[in-house]
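Novice: Following the hints, position chain L with the ligands against chain W.
From first to last, the protein sequence lines are chains W and L. Each number in this note's numbering comes from the position in the first sequence (counting from 1) with 4 added on. Each number in this note's numbering comes from the position in the second sequence (counting from 1) with 13 added on.
Be aware that a few hints might be false.
Here are the simulated DSSO-like cross-link-like pairs (lysine-lysine), alpha carbons at most 30 Å apart as the crow flies [what the hints assert, rightly or not]: (1) Lys-26/L <-> Lys-257/W; (2) Lys-85/W <-> Lys-210/L; (3) Lys-26/L <-> Lys-8/W; (4) Lys-49/W <-> Lys-6/W; (5) Lys-232/W <-> Lys-7/W; (6) Lys-99/L <-> Lys-257/W; (7) Lys-155/L <-> Lys-257/W; (8) Lys-115/L <-> Lys-93/W; (9) Lys-132/L <-> Lys-7/W; (10) Lys-49/W <-> Lys-24/L; (11) Lys-49/W <-> Lys-106/W; (12) Lys-8/W <-> Lys-115/L; (13) Lys-6/W <-> Lys-99/L; (14) Lys-257/W <-> Lys-115/L; (15) Lys-6/W <-> Lys-103/L; (16) Lys-103/L <-> Lys-8/W; (17) Lys-99/L <-> Lys-8/W; (18) Lys-91/W <-> Lys-49/W.
Computed footprint of chain L on chain W; a stretch qualifies when at least three of its residues, placed anywhere within it, have a C-beta under 8 Å from a C-beta of chain L [to be verified]: (19) 58 to 69; (20) 247 to 255.
Keep in mind that the hints were calculated from the coordinates and are not lab data. For each residue, glycine too, the CB sits at the ideal point set by N, CA and C.
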Amino acid sequence: MKKKTTAIVISQKNLAPGIFDMWLETDLAENAHAGQFVGVYTEDKSLLLPRPISICEVDHEKNAIRIVYRVAGRGTDEFSKYSAGEKVKLLGVLGNGYDIGKLLGKSVVLMGGGIGIPPMLELAKEINAHNEALTDGDKMKVSIVLGYRDSMTFLKEDFEKYGKVYIASEDGSVGTKGNVMNVMASEGSDGESADKTADNEDTIKADIICACGPMPMLRAIKVYAEEKQIPAYISLEERMACGVGACLGCVVKTKEVDHHSHVNNARICTDGPVFAAEDVDI
Amino acid sequence: MNTEIEIAGVKWKNPVTVGSGTFGSGMEYDEFIDLNRLGAITTKGVANVPWPGNPTPRVTEVYGGMLNAIGLQNPGIDVFCERDLKFLEKYDTRVIVNVCGKSIQDYVDVVERLSDEKKVDMLEINVSCPNVKEGAIAFGQKAEALTEITKEIKNHAKQPIIMKLSPNVTDITEMARAAEAAGADALSLINTITGMKIDINRRTFALANKTGGMSGPAIKPVAVRMVYQVAQAVKIPIIGMGGISNAEDALEFILAGASAVSVGAANFINPYATVEVINGIEEYMKKNHVEDIKELIGAVR
Ligand SMILES: Cc1cc2nc3c(=O)[nH]c(=O)nc-3n(C[C@H](O)[C@H](O)[C@H](O)COP(=O)(O)OP(=O)(O)OC[C@H]3O[C@@H](n4cnc5c(N)ncnc54)[C@H](O)[C@@H]3O)c2cc1C
Ligand SMILES: Cc1cc2nc3c(=O)[nH]c(=O)nc-3n(C[C@H](O)[C@H](O)[C@H](O)COP(=O)(O)O)c2cc1C
Ligand code: FES
Numbered sequence: 005m006k007k008k009t010t011a012i013v014i015s016q017k018n019l020a021p022g023i024f025d026m027w028l029e030t031d032l033a034e035n036a037h038a039g040q041f042v043g044v045y046t047e048d049k050s051l052l053l054p055r056p057i058s059i060c061e062v063d064h065e066k067n068a069i070r071i072v073y074r075v076a077g078r079g080t081d082e083f084s085k086y087s088a089g090e091k092v093k094l095l096g097v098l099g100n101g102y103d104i105g106k107l108l109g110k111s112v113v114l115m116g117g118g119i120g121i122p123p124m125l126e127l128a129k130e131i132n133a134h135n136e137a138l139t140d141g142d143k144m145k146v147s148i149v150l151g152y153r154d155s156m157t158f159l160k161e162d163f164e165k166y167g168k169v170y171i172a173s174e175d176g177s178v179g180t181k182g183n184v185m186n187v188m189a190s191e192g193s194d195g196e197s198a199d200k201t202a203d204n205e206d207t208i209k210a211d212i213i214c215a216c217g218p219m220p221m222l223r224a225i226k227v228y229a230e231e232k233q234i235p236a237y238i239s240l241e242e243r244m245a246c247g248v249g250a251c252l253g254c255v256v257k258t259k260e261v262d263h264h265s266h267v268n269n270a271r272i273c274t275d276g277p278v279f280a281a282e283d284v285d286i
Numbered sequence: 014m015n016t017e018i019e020i021a022g023v024k025w026k027n028p029v030t031v032g033s034g035t036f037g038s039g040m041e042y043d044e045f046i047d048l049n050r051l052g053a054i055t056t057k058g059v060a061n062v063p064w065p066g067n068p069t070p071r072v073t074e075v076y077g078g079m080l081n082a083i084g085l086q087n088p089g090i091d092v093f094c095e096r097d098l099k100f101l102e103k104y105d106t107r108v109i110v111n112v113c114g115k116s117i118q119d120y121v122d123v124v125e126r127l128s129d130e131k132k133v134d135m136l137e138i139n140v141s142c143p144n145v146k147e148g149a150i151a152f153g154q155k156a157e158a159l160t161e162i163t164k165e166i167k168n169h170a171k172q173p174i175i176m177k178l179s180p181n182v183t184d185i186t187e188m189a190r191a192a193e194a195a196g197a198d199a200l201s202l203i204n205t206i207t208g209m210k211i212d213i214n215r216r217t218f219a220l221a222n223k224t225g226g227m228s229g230p231a232i233k234p235v236a237v238r239m240v241y242q243v244a245q246a247v248k249i250p251i252i253g254m255g256g257i258s259n260a261e262d263a264l265e266f267i268l269a270g271a272s273a274v275s276v277g278a279a280n281f282i283n284p285y286a287t288v289e290v291i292n293g294i295e296e297y298m299k300k301n302h303v304e305d306i307k308e309l310i311g312a313v314r
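Here chain L stands alone, though its shape is the one from the complex:
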C-alpha cells in the first residue's frame, strides 16, 4: 500500500498536513502525537517583523465551528528561523512555511530570508486572511492583484510556492486560474469564510474585530465544492482543507481532487485528529483494496 504523494516535486510520506495557524510550529502538539507521522507540518503565518495581532476576544464558538480573528500575531521571521525551524529539524516530516505580509515587499523579504533554510520544503503564501485590515486579503480577492503577487514571489522563491486561496470571492476558479497562470506550483484552499456573531445579552460583537474567519465541520461542504471546482479548472496540485475532522472528511477532499489535505480547527477539539486521519485513510485503502493513494485523487468527477 502506498500513501506517498508528490506536490511540485516534493514527496510527502502521506497526504496529511495541518492548517496553518491551528498547530503553531508543532511544539504544542508534540506532547500529544508523534510529529514524524505527519506528511507535512504547515506553520503559523510569519511576517518580516513581529505582529501583535488583534485585541481580544479573538475566538468564539459558533454552531458546528468557530470564528477567529487572531490577526496573524507572529514573532517575525528572525525568531521563527532561530527557534521554530530549529525545533522542526529534529523531525522527519516536510515543512511548509506559511507567509503573510502587508505589501508585496513584506512577502518577498520573508521568502528571500527563507531561501537558504534547508528545512523549508515549500512556501504557502497567505493572500487570504480575512482578519487583517491592510494587504493580505486584498491580494486574494482580485485576480490582477493575485497575478502580480504570485509572479513577484515566484521570482524570489527558491522553494515551490503554494498560493492559499480565499473562499470569500465570487468565483474561486477565476482566482485559481490566475495563480496557476502566474506560476504558482500548487494551491491550498480554503482559508476561513468571513462570519460574524453577535452577543445578544451584551449587545455587542462576540469578537473585538467584529468579523472573524469561520472554520470547523460546518464549512466542509463549501470547501469540498470549491476544491472540486478548482480541480476541474487547473492542472497544479491542490491541498484541500476546511472542516476536516476525520478520515472520511479527508477522503471526500481527495476524491474531489485534492492531492493532500490539512487538518485545522479539529486539532483544538481533538489533539490526536491528524494521526487518526492518517490511520483512517490507511484503513480505508486496505478495506477497499486501494494500492496507491493516487488512485483516489480526483476519482469522483
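So here's chain W without its partners, still in its complex pose:
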C-alpha cells in the first residue's frame, strides 16, 4: 500500500563530487523492491512536488532504504545537506520494479549509466538472494556493466559482491573508453556462437538485459536487444507530478494501445518505470 510517511536519516555520505548516498529508516522498506522509487519531499514550501528517486538498496532488518542521487537542482541540493537524525517526508513505494521471475535461469546483464547506476544495485542483490534458494537450472548468472563519466566509480565495490563488474568511462580514465555499449562491443560474447554449455568467463553472455541510465543509452540498448533478439527491461524517467498515476503527466509512447489509458501512452510512475524495451517508443 502506498503512503506518505516520515523517514529518519540514518546516514549520509558524499560518494563522488555531487553524488550523495543516504540511508533512511522507513517502514516503506518492507515492500520496497529493485526498480521502484520513492518521492522525496523538500522542506522548502516553494518547491511542492516530491522528487522521484530510485531505491538503491533495501535493508529489511534495519527497516531502511538507501538512495544515491546527484545534486541536480534546489531539491536535491537540500537533500544533500541532511544529516543523521533529521526527518524526511517520503511518498512510496512507487512504480512497478523489475520482475525477477522473468530472469530465472538466464544470463542477465545489468547495465547502469551515470545516475542510473544506483537502482541496479538492489537488483543485483535481489538476484543474488534468489539464487541461494534456487535449483541450479533456475539460477541466474549476473554480469554488471557500469558506465561512468570519469574515474569516480561510485558504488563499484558494492556491485563486486554480486557479480563480475565491467566498467566504461567517458573520458577513458578507467575501463573501456566510452559507454556501456562499448563494453558490450568489446567484451560481449557473440550471440550466434554462444555455446550454452560452455561458460566462457571472459565474455559477457546476454540472454536478457536490465538497464537504467540516460535516454541515449536506453535507445542504444533497445536497438542492441532487437538485433540480438533478446529481451531488455529498461527503466525510464519523466517529469512527474502525482507519482501515483492520477495526473497523466509522466507518460511514454507505447507500441500497442495501453490497457489503462486506451491510447498509445503508458504512465511511467505506475505502469513503469521499468518497461520491456520492445513495448515503448523512445
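Specialist: Below, chain L with the ligands alone, put in the same frame as chain W:
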C-alpha cells in the same frame, strides 16, 4: 453541526470535491483515503473518443505551484462508463463528470451518453482548458460562444450542468453572467491560469506545449478574488478552486461566496489533503460555534 450543502438540487454531505484531472476517477487515491469521506468526486475530463494528449514534458514545477499541459488525455466515454463509473458505484459520494470536446457536437455526444447513467449526479463542462489547440478554450473566452454551448448542452443534459470558467479572460463576471443567462445550474472556477517556463540551460521551453496551465498555492489570491466577484454577479451556486491545500484556504473560498470547493494540485503534494480539508472545516465550525456551513457561504461581503 451541519456540513451538508446543496447545489442545483443535489445534496452533498460536505462541500469538498476534487479538481478535475488531479484525482483520476479516484482509483489512484483509494489507497490513501476513504473516498466515502468526499462530498463529491469530480472526474478527469472525458471526451466522446479517446484523446492521446500532448507530448512530454507535460508538467513542470514553478514557484509555489506547477504548470501542466496534459492536453486532456482520456480513454473516451465508453471505457469511462464501463470502468470508471463502475468503480465509483461502490462509493457513497456524489459523482461529477467533467466533459471536454473540440466541437459542440462532441460535448453533446458525451452528455447524451451519460444521461442514463444513474451514478452521475452532475456534469461539469470544461470550456476552459488552455492546453488544447482547438475547441475547449474558445468556448470559454467569448461570451457569445459560451452562451451557445451552454444552451445546447442544457438542452441535452439530464443532470444539472456546471460550467467551468477560465480565468484567462478580461472580465470573468461577464462570462459568469452569460453562462447563468444561458441556463447553467452552477459554475466552477477557476481553471488554470496560462503560464510559461523557460529552461535557461537547455534554452528551450520547460513544457513541450510551450505554455501550460498554472495551479497550486500561488494562484489562490487570484482565484479567491474571482470567486468573490462572480458571487456578487450571479445567483447560481459556485464551486471554488485554485490553490486550496488546507481548510483555511477552503474557508476563504466559502466566505468569498463558494458553496463548495475543490482540492486540485494539492493532492499531488499531500494525498490526504482532501480529508484534512474536510476535518479542518469541521474543527473551524466547532471552534467558532457555526451550526450550519451555509452560514459561512458568502459571509464576507
Ligand atoms: C523514476 C525516477 C527515478 C529517479 N531516480 C534517481 C536516482 O536514483 N538518483 C538521482 O540522482 N536522480 C534520480 N532521478 C532524477 C531526479 O528525480 C531529479 O534529478 C530530481 O527530481 C531533481 O530535483 P531538483 O529539485 O534537484 O532539480 P530541479 O531541476 O530544481 O527540479 C525541478 C523539478 O523538475 C523535476 N525534475 C528535474 N530533473 C528531473 C529528472 N531527471 N527526472 C524527473 N524529474 C525531474 C523535479 O522533480 C522538480 O519537480 C529519478 C527520476 C525518475 C523519474
Ligand atoms: C494535472 C492537471 C490536470 C487537469 N485536468 C483538468 C481537466 O481535465 N478538466 C478540467 O476542467 N480541469 C483540469 N485541471 C484544472 C483543475 O481542475 C483546477 O481547476 C486547477 O488546477 C486549479 O486548482 P488547483 O490550484 O487546486 O490545482 C487540471 C489541473 C491539473 C493540475
Ligand atoms: S506522475 Fe502523475 S501520472 Fe505519473
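Novice: Indicate, hint by hint, whether the structure satisfies it.
Specialist: For each hint, the structure was consulted:
{"no.": "1", "hint": "Lys-26/L <-> Lys-257/W", "verdict": "violated, 41 Å"}
{"no.": "2", "hint": "Lys-85/W <-> Lys-210/L", "verdict": "holds, 27 Å"}
{"no.": "3", "hint": "Lys-26/L <-> Lys-8/W", "verdict": "holds, 26 Å"}
{"no.": "4", "hint": "Lys-49/W <-> Lys-6/W", "verdict": "holds, 23 Å"}
{"no.": "5", "hint": "Lys-232/W <-> Lys-7/W", "verdict": "violated, 41 Å"}
{"no.": "6", "hint": "Lys-99/L <-> Lys-257/W", "verdict": "holds, 27 Å"}
{"no.": "7", "hint": "Lys-155/L <-> Lys-257/W", "verdict": "violated, 35 Å"}
{"no.": "8", "hint": "Lys-115/L <-> Lys-93/W", "verdict": "violated, 41 Å"}
{"no.": "9", "hint": "Lys-132/L <-> Lys-7/W", "verdict": "holds, 29 Å"}
{"no.": "10", "hint": "Lys-49/W <-> Lys-24/L", "verdict": "violated, 36 Å"}
{"no.": "11", "hint": "Lys-49/W <-> Lys-106/W", "verdict": "violated, 42 Å"}
{"no.": "12", "hint": "Lys-8/W <-> Lys-115/L", "verdict": "violated, 38 Å"}
{"no.": "13", "hint": "Lys-6/W <-> Lys-99/L", "verdict": "holds, 23 Å"}
{"no.": "14", "hint": "Lys-257/W <-> Lys-115/L", "verdict": "holds, 23 Å"}
{"no.": "15", "hint": "Lys-6/W <-> Lys-103/L", "verdict": "holds, 21 Å"}
{"no.": "16", "hint": "Lys-103/L <-> Lys-8/W", "verdict": "holds, 25 Å"}
{"no.": "17", "hint": "Lys-99/L <-> Lys-8/W", "verdict": "holds, 28 Å"}
{"no.": "18", "hint": "Lys-91/W <-> Lys-49/W", "verdict": "holds, 15 Å"}
{"no.": "19", "hint": "58 to 69", "verdict": "violated (count 0)"}
{"no.": "20", "hint": "247 to 255", "verdict": "holds (count 9)"}
The earlier numbered hints that this structure contradicts are 1, 5, 7, 8, 10, 11, 12 and 19.
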